[in-house]
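Asker: Turn these sequences into a full structure, and let the hints guide you.
In order, the protein sequence lines correspond to chains A and B. Just so you know, we're using numbering that gives the first Met the number 0 here: the first sequence kicks off at 0 and counts up by one. Just so you know, we're using numbering that gives the first Met the number 0 here: the second sequence kicks off at 0 and counts up by one.
Derived by calculation from the structure, the hints in this document are not laboratory data. It is possible that some hints are incorrect.
Reference listing, derived: stretches of chain A covered by chain B, where coverage requires no fewer than 3 residues with Cβ under 8 Å from a Cβ of chain B [said to hold, decoys possible]: (1) 71-81; (2) 115-122; (3) 129-141.
Ideal placement from N, C-alpha and C gives every residue a C-beta, glycine not left out.
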Amino acid sequence: MNIWNPVRITWLHRANPVVKLGLIFALFFMTVLTHDLDFMMYQALVFMVCLVVLSGVKPWKMLLFFIPFLLAFISSSSSMMLFGKGETLWWEWGLFRVSEESFYRGLHLGFKGIAFASEGLLLVTTTSSVDLFYSLMQKLRLAPKYAYSFMASIRLLPMVWEEFVIRRQALKVRGVRPIRGVRNMVNRAGMYVVPLLAQSIRRAHRVAAAMEAKQFNGDQVKARTYYYPSRYSRYDLLVIGLLAAAACCAYVAAGYFPWFGIGDVRFD
Amino acid sequence: MGTSMQEKLGVQPRRGLRLSDILVTVLVSLVFGVIYHFWGSVYNLFKPLFFEADELLYGMWFAAATLAYLLIRKPGVAIIAEVAAAHVEVLFGSGWGLTLLLYGLIQGLGAELVFAAFRYRSTSAWTLVIAGAGAAIGSMMMDFYYSYTDDLQTWMFLAKYGMRVISGAVIAGLLMLLLAKALDRTGVTSLLRPASKKDYEALDDARHV
Numbered sequence: 000m001n002i003w004n005p006v007r008i009t010w011l012h013r014a015n016p017v018v019k020l021g022l023i024f025a026l027f028f029m030t031v032l033t034h035d036l037d038f039m040m041y042q043a044l045v046f047m048v049c050l051v052v053l054s055g056v057k058p059w060k061m062l063l064f065f066i067p068f069l070l071a072f073i074s075s076s077s078s079m080m081l082f083g084k085g086e087t088l089w090w091e092w093g094l095f096r097v098s099e100e101s102f103y104r105g106l107h108l109g110f111k112g113i114a115f116a117s118e119g120l121l122l123v124t125t126t127s128s129v130d131l132f133y134s135l136m137q138k139l140r141l142a143p144k145y146a147y148s149f150m151a152s153i154r155l156l157p158m159v160w161e162e163f164v165i166r167r168q169a170l171k172v173r174g175v176r177p178i179r180g181v182r183n184m185v186n187r188a189g190m191y192v193v194p195l196l197a198q199s200i201r202r203a204h205r206v207a208a209a210m211e212a213k214q215f216n217g218d219q220v221k222a223r224t225y226y227y228p229s230r231y232s233r234y235d236l237l238v239i240g241l242l243a244a245a246a247c248c249a250y251v252a253a254g255y256f257p258w259f260g261i262g263d264v265r266f267d
Numbered sequence: 000m001g002t003s004m005q006e007k008l009g010v011q012p013r014r015g016l017r018l019s020d021i022l023v024t025v026l027v028s029l030v031f032g033v034i035y036h037f038w039g040s041v042y043n044l045f046k047p048l049f050f051e052a053d054e055l056l057y058g059m060w061f062a063a064a065t066l067a068y069l070l071i072r073k074p075g076v077a078i079i080a081e082v083a084a085a086h087v088e089v090l091f092g093s094g095w096g097l098t099l100l101l102y103g104l105i106q107g108l109g110a111e112l113v114f115a116a117f118r119y120r121s122t123s124a125w126t127l128v129i130a131g132a133g134a135a136i137g138s139m140m141m142d143f144y145y146s147y148t149d150d151l152q153t154w155m156f157l158a159k160y161g162m163r164v165i166s167g168a169v170i171a172g173l174l175m176l177l178l179a180k181a182l183d184r185t186g187v188t189s190l191l192r193p194a195s196k197k198d199y200e201a202l203d204d205a206r207h208v
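Answerer: Okay, structure coming up:
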């Protein structure tokens, strides 16, 4: 099951989820530790390209997912731009104080947000959660009770949505009036949240009892077999090579074609 | 129902988390994950009100941790709850990517440490207020690395995190306590209690201390 509906199957789809997870976290740490504006900009660019090429999702659909990127960009950069520390003052109005340093630092944060989002989506768009949890159990020895709980609850989630719809209809039938005022809003939220949560707890408890009866928790058996075996393959190496090359590209490009050339964006 | 099933199977009640504890925690957090997803739009509505006003709603993002603790009252649930809630948001393709998982982990840890300090026994309003604030401080730590917030002007830094801590204390602390009480009244929590009561007796047992 893949909600992203890829039209092409790429190397990234074929690689082992644990390898991908490790790789993405490695890229994350690279991005977190990058304080150079040019390198960060090229990272954002390179990983966006990787995402369009490697996710296998239709490009127009991918564009749709760039909208939240834009929001992330604005919200992570604006605050630092307007309120950041800096000495070369550009513009001041009331509490807002835009300086050269804070402006570039804000820009840096925006690119950082895009780089993070692209790296995350590289994993999310190419890995189904079932594959991920099966390989976490087999390769990283994640206790089956955690893995199966996550997998089961993902399947239970649509039922919660169904119950939400039923609850809305039930309230409508009982003639609940449209929301007026804050107090009313809180009451109304309670009318939905309490029954939905109560029902989720009941259902989760029932399902868990059945799963425990079938030994899904894996407490009693040391060695167990899995329905989906998870293996390493040559695609793992290919993907590691590919993404490492992408990161190197960004680094080299930042060295040879710097756009800003201001180096470290941190204050002093 | 749960207990009789265990007895039939010969499963000994243990101090650690059982599959049912985890499943309840994860499902409740997943519901919260969906709420978070929509909360994002409420959060954005608040933005234009005055700058960083959105911080006043930030506490909602810690709510899964405290509610899960109020329901299960065992070590580890606060962390699992936050990670599970973040995991749904990641699945939905949030613009924040996998950083959310790290945020979830450290926010959960913030709340978890507070509960651990009270030895997982206290469910008083104060404990929850401190736990909500603890989660906020956890997220602040993450912000240092993620977005250089220590480079903000000092007053802005204080305003931003002051609002966040208060929001964590009120929404994740007090509001979730009210919600947990409402859930208690529906009677579902009695499904989860029998096991945890035994656990506490085991903790109190002199032989184990």
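Asker: All hints, please: hold or fail.
Answerer: Going through the hints against the structure:
Remark: the segment 71-81 of chain A is confirmed as covered by chain B, as 6 of its residues place a Cβ nearer than 8 Å to a Cβ of that chain, reaching the required three. For a cut-off of 8 Å, the count of residues in the segment 115-122 of chain A with a CB near a CB of chain B stands at 7, and the three-residue condition holds. Interface restraint, the segment 129-141 of chain A with chain B: violated (0 residues with C-beta to C-beta distance below 8 Å; minimum three).
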